[in-house]
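J.: Residues per chain are reported as follows:
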Amino acid sequence: MEYIESGRITLDRSKISQKVAYHDPCNYGRKSKEMFGYAYYHEPRWILNKCTPNWVDLEPSRNSQYCCGGGGGLMLTTLDDQREYYSRRKIEQIKHSGASLIVVPCHSCHGQIKAMAQKYNLPDIQVKYLWEVVADSLVVE
Amino acid sequence: MTENASSLIKHTALMRPDGHAADFCLGCGTCAAGCPMTGIDGFDPRKIVRMAMLGRDEQLAASSLPWLCTLCGRCENACPMGINIVGLIRSARGLTEKDKTPTAIRKGLEMLLETGNILGLPEEDFGFIITDVAEELNEQPGFEDFTVPLEKKDARLLCTLHNKLVNIQNEDLIHWWKIFHLADESWTLPARNWEGVNWGLFSGEDQVLKVAVDNIVQNMERLDARHLMYPE
Amino acid sequence: MDKSFAFLKTNNQPNRILSRALGKLLDKGLVSAVMAPGITNGSDLPMPVLFTRDEAMESCIPLAPAAGVSAAVQAARIGRKVKDKRVAVVLKPCEVRGVIELAKLNQTSLESLAIISMECPGRMENDAYLAKLSASPDLPDLYLNDSSLQDQASSTCLSCDAFEPQGADITIHLFGLPVMEHIGISGMTAIGNELIEAMDLEKPGAAYDQREAMARLREKRGRAKEELFQKTGEILKNPDQYLEVLGNCLGCFNCRTACPLCYCRECVCARESFDRDLDDVSNRAKKTGQARMPAGLSMFHMTRMVHMSHACVGCGQCSSYCPSKIPVADLFRTMGQQVQNTLDYSPGRDPEEPIPYLRFKTEAGS
Amino acid sequence: MEQTTQQTDLVKTEQTDFDKEFHPNIVALVCNWCTYTAADLAGVTRLKYPAEIRMIRLMCTGMIDPRFIVESFLRGADGVFIGGCHPGDCHYINGNLKARLRIGGLKALLQGMGIEPQRLALHWIGASEGTEFQKQVKDFVEGIRELGPSGFGVYDSI
Amino acid sequence: MSKPGRFVVAGAGISGVRASLDLAETGHEVVLLDTAPVSGGILLALDRQFPNDHCGMCRMLPMLDRDQSKYFCMRLGMFHKNVTFMPNTEIKEIGGGPGDLKVLLQSWSAKVDPDLCNGCGDCLEVCPVSLPDDLADSLSLRKAIFKPGPNTSPSTLAIDPDSCILCGKCKEVCQTGAITLGPDYEQTLEEKVTAVIMATGVEYFDPGDASMYGYGKYADVITSLAFERMLSSSGPTQGRILRPSDGAPAENIAWIQCVGSRNLRLGADHCSGACCMFALKQAGLSMEKGSRPTIFYMDMRTFGRDWQKYLDRASSSGLRLVRCRPHSLEARNGGGLMLSYSPVPGELIDEHFDLVVLSVGRAPGWKGPDFSDQDGVLVTGGSKRLLDISRSLVSASSVSFRAAMISGSPVQAEQGDSITSQRVKVKSKVLVVGGGPAGLSASLALAGQGISVVIVEKNDFLGGNVSQISDAEARERIRELVRDAEKNQDIEILLKSRPMEFSGTTGNFQTHVLDQQNKGPIIEHGAVILASGGSQSTLPASLVHPKVMTVFDLHRRLDDPEIKEKDLNCLVFIQCFETRTKEKNYCSRLCCPTALRSVEKIRSTHPESRIIFFYRDIMTPGDLEHLYTRARELGAIFIPYQTDIPPKLILEKEQVVVEGFDPYLGEEVKFKADLVGLGSGLGPGSGHELAELFGIRVDREGFLIEADPKWRPVDSGREGIFICGLARNPVSLDEAVDEGRAAAQRAMRLVYNPQARMSVSTARIRPALCSMCGLCWTVCPYFARYPGSKGAMEVDPLACQGCGACVAICPNHASVLEVQGD
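Residue numbers (numbering that gives the first Met the number 0), protein chains in the order written: chain S, 0 to 140; chain V, 0 to 231; chain U, 0 to 365; chain G, 0 to 157; chain W, 0 to 821.
Bound-form chain S, shown alone (with noise of 0.2 Å):
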């Protein structure tokens, strides 16, 4: 945010054309919030927003949003059923939203959206680090 503010990097809103979907991850939001205070709900959409316009929250989002189902360890144990099971919802909801890439600014999440939409048979979801969303709009001059 810093960076954009201030200039010292430059985003290009056209780089990225297919829809986007943002997913909070639950340590960015809840659980910042009960351990800080403070739950990043805001930032991460400025930012995207600098890199597209044509994205969406996934419903509900948020306080209330779905758990990718790769947390809590949950992807290091063997309960891979379990997880499967669990992202059923976040499934539904990327489906709902209509877009095809989907944006996490965390790895777990990267990672278990990434499998389970593999799993739910949706070849054509693309999952990405918001960082990685940046770095492909970036301006390199």
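Careful: at least some of the hints might be erroneous.
Stated by the list, open to error - Listed next, the in silico DSS-like pairs over lysine-lysine satisfying Cα-Cα at most 25 Å (straight line):
#, chain 1, residue 1, chain 2, residue 2
1, W, Lys495, W, Lys518
2, W, Lys288, G, Lys137
3, U, Lys80, U, Lys230
4, S, Lys18, W, Lys518
5, S, Lys32, V, Lys209
6, W, Lys216, S, Lys94
7, U, Lys82, W, Lys789
8, S, Lys113, V, Lys163
I should point out that these hints are in silico values taken from the structure, not numbers from a laboratory. What you are looking at is a predicted structure, and each value in this text was computed from that prediction instead of being measured.
Take the given structure of chain S and dock chains V, U, G and W to it, following the hints.
T.: For chains V, U, G and W alone, coordinates are given in the frame of chain S:
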């Protein structure tokens, strides 16, 4: 069975200033209604809270319930009584006997304690991977002069890494390096104990949690960095 | 209460034998008086008579096929006045119903009354009865055994299918029995059983099945009733017929006087609605050039219907009293049935059944 | 009795305007507490209802003596509309229930006299039901218009 | 003869109106003010009220002065000759002391002159400003010039100064020149008054703060207040239940309870006290309109008079009740919402609803300066606690009596009246049956106003049996009442006595009171207050065991040194033990608070002991919710049970084992209890006998029945006979005292003037025409008829309200209505 009088975990109100002990539970089921995992293998946050209230620590620790949770916090965010459900589940995980914690986590934690990262990656291997990826980036226009400031002192920003980026998806490192580069950021990456992921959070073992945090603090001190960047 | 059933040997004199049986009640002190149809000096028309000594019972005709007035009103007077004593009252089923209705209106109490009633073959109109009686002095007994005589009963009775008493303590059974040999008597209540105990009755020797005779009668009278109601219903609905029938009304109020249920001290119709204001009449006359006087007779009859149709017990006395031979009872009964069906009310059936317009206490909702 | 005189006065008014359309003579007996308030509300919210009705305000529908309804018909009313509180809402606890019973019996009686049952209507209309008042009155008047004059007045010739 | 007092009542909701009427009816003058342009408060928005789905506000109107009202329906406004209503007014300052307060009132301009406005509504059409209507809780729009209540009298249009843009269009079209749009003027006025009553009401929680339910985001999520307007035929949908999003009929409707209450994270550790009933009512009414309602609740708080029965009726007619709190809502394509909830552990249900109604909590809502600490300022109703209508009225009457007491001795009402009503001589004496807290507070209140009182008490002591079941503090309060009563010269106390014969008419009753030797005086009195109390239910013989007792006994026993020192490893409470079921189908109200208070007591001596509650619904309305929260905080464990599987008590020689089912664990649980407390409830004492003697109604369980459960809570339905306290319904000590005072207020109204005024229209019997058939007796709803000694029925002139039912039923017009004056 007759119930025990006291529980080790039901008073878990830690980490959150406004958190309440499990005792406050009204049994309203808001938590369960918000949890996508409810019903899977008998999972239900309300039940876990209840077991804690009744002092059934061992039963809870011996079950798979605590490990089904993604710790996403959707439950406690809505809990009208402000019960620290996530904290409670973490505590329950902490009570799990070592050999019953999921293998991957167990190993990762052991590695973390041993090597400062969950992969158990030696320092020189890490350095190699980083240099390798940086060279990849150098091939892109505009980034020819990019280098990774490993172990740079006095940087504004100390970065830690998600082990995934080092392990299987190291091409994803490029994205933020690009940003730093273009923004001309003063940053550094520690060569040791670069692990930014803290599985102690998952296992409920606070002592591990602390080791991991200590590692980072030491890095900060060692490199005199002013800010810290976490992968998450 | 299990009903007991016994025979009373009649020796071709059912009225006399039954009178004697009733006399035993007086004799044994079980009742302080008996009110039953009887003859008193000067008239052969059976009227309610109060007997207090058993020897006087010789003039009693308990099953008389005529009734000068409704005995219900007289029985009610007794019930209202007499306390701590018991009086046996012999009433026709319609009169029993009348007493019960009056009890609901606080005009009598059933406490001191022992009600004796019969399966009713109907009553003749007074003039017809007296004419017949002069030719046939045994008419009261013969009537009971002769269906062709019974066919000469009043039109109200011929179309009455409520001939079985309800609410009586004792029922006298006639239909399907060889009444000249014996009649049946049942106690319907504890009091009734206590009383028939004193009548020295016989256990029934042979079994008689009354059902067929009852059913036949019910069918016959029921059909007549339907036909009557049909016909009268048309009269009420059709202004031409209505005016033709009621146009004969003299405004004498006999029907009201005859009615056992008209319990008001002074009829409202005599004060407020009847005999309309002269201005009113002349207004009407101005419109059509003429107006009948006295006016307001429709209002009178309709007011009585509003007040009494739900309670009409169908005794027919109003018709009997009418000097213009207006079938007042037919009109009332027809209307009564429609109102009673709507309100799901049956007058005189049960003293505990509340007057329909007081049922608001138990009703709620829409 | 005040109410009685009011009623009689009103029904004495003879029909005068017989234009092309039939203007029925309609008496509306409304309870002071609920239905009158609803009628008032209908007025305030400018809900139009037929002008044919002569509204008589009573303290309670439970005070309606059926005799007066009969008299209204005998004296030329084509319909009688009664509006009271919903069951349970009666200011006098249960006057409306009493009215319902009596009107029920009266309806049967009038029907027996050849008066169509639609000519006598009892509706529960609560204080806040202005629209309901308008609707019921409108429907009632329309119904009577379709039925035509009651012709019951001829019974009063004796 | 003393001068009438003058009072300011702030807030013209039902509490304020009740307090004003009480004072006005006893001859005082009242200035009733409200910040709103109309009176009525929240009630204007509610068409029907639980627990009978009826309207009935008019029943709180004065019985005797009623006929002087210009309008009858209270939805049109409140009118009384002794009450001046000041809209758009608030209190600025209060100075002076009790009995001599100086109150500075500030009014702002109404801008629409009610005398000129004819309510034509032309202005409403031209006003260009549209904004959400507060009354419909934003369900619909209104203009800046608007009609502030759906039924308020035609000429009361108002301009909202905050939204008005002063465009002047309304003024242009106004044909009567009623509108003045000049600068806001404010008028201040000083009133010298005896006392001030604050009845400033409650404020509803704004569910915008509970974002999980998407209020404000999804159109189909509305508040219970908005739904109330939707139900109303004068509301925005004319009574049809529609989805605000698309106007489609709403079939599946969910109510979510406790939104903004019972939530520690929102700092709302209270229960709003009436929303459960509110939701039950709304759900029931919606069923009548063809909807399928579901209520999501945690505890169904049916603690009031007949509420449990109301619930039973609703559920037997198909209302679905789901015990859990939903987590969140999601919008669905094609309209409607998906609600996630989990009724039993391990079960997660997503269900589609067309409409979601949030039962928003309430909190005391006074925004202006707080004068409540000032002497001579009394606070009533919802502004003190969260109360339903009936309790608000009781509280308002209680407070108005306290206010009247400040003015000193009673007012002698003017003899020469402006209206020519007839008067009846009455005895200025009141008989009080029962010397418990309710009876004592009633007696003291009346005696304080110079009315003589006779207390008839069956025991040989005063104080009732609350002294048996409450804690020390309560006992002390009752002892104080007893001491005050005993030394009051206007109170005559007859102990070991009971009323045996009762006769007479309102204002002139005679009661024969007998002692144990069957001797005693005949007391002539104007009114009677029945406060015969009740007692805790005794346990069945099969449960006699030293370790098993009622929660009340247990609470008392905890003070016992023996118990204090004993090892108590485990205590078990079983609430609703054989109550709120078929035989005793009501909530006793005191068992839950008593048992919950016991927890704190137990913890003070036994910090480690296990405390288990088996319960159906914890009944802690209002601030009592703290007790529940505190008990949980102290580690008491609450296990809900259902009536079909109640916990089992197994009595053994040395111990008691309680077996039950924990639905959260889905397992049987078993506790070895050292003490078992049973919430077996309270029951009325001699209700049936009293009802028979005094000719009033009594319910199946023996509680005396009030004239109207909402609007006339302490009237028996027979004028002159008032009921209060446990004889009427289970109450707390505070409530008993309030009810006693409220009953005293009602009695006072009748007897303060030795020449009581009759209703303007009353029935009369023409004896010559009367046949004594008794039809009029049966139809009289006010017991105002009796068979006279002269062969005709007679009328109790003060009891007769002039409804005319007797006139309609009498075939002979022996019963006629007479109207006094015009």
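J.: Next step is simple, just say for each hint if it's right about the structure.
T.: Hints and how they fare:
For the suggested pair Lys495 of chain W and Lys518 of chain W, the alpha carbons sit about 11 Å apart, so the restraint of at most 25 Å is met. Taken as a hint, the Lys288 of chain W and Lys137 of chain G pair is honoured in the structure, with Cα atoms around 22 Å apart against an allowance of 25 Å. At most 25 Å may separate the alpha-carbon atoms for a hinted pair to count; Lys80 of chain U and Lys230 of chain U exceed this at roughly 42 Å. Taken as a hint, the Lys18 of chain S and Lys518 of chain W pair is broken in the structure, with Cα atoms around 96 Å apart against an allowance of 25 Å.
Restraint check: the Cα-Cα separation between Lys32 of chain S and Lys209 of chain V comes to about 21 Å, which is no more than 25 Å; the hinted pair holds. Proposed proximity of Lys216 of chain W and Lys94 of chain S is supported: the alpha carbons are some 21 Å apart, at most 25 Å. For the hint pairing Lys82 of chain U with Lys789 of chain W, the CA-to-CA distance comes to about 19 Å; that is within 25 Å, so the pair holds. With a C-alpha separation of about 14 Å, the suggested pairing of Lys113 of chain S with Lys163 of chain V holds against the 25 Å cut-off.
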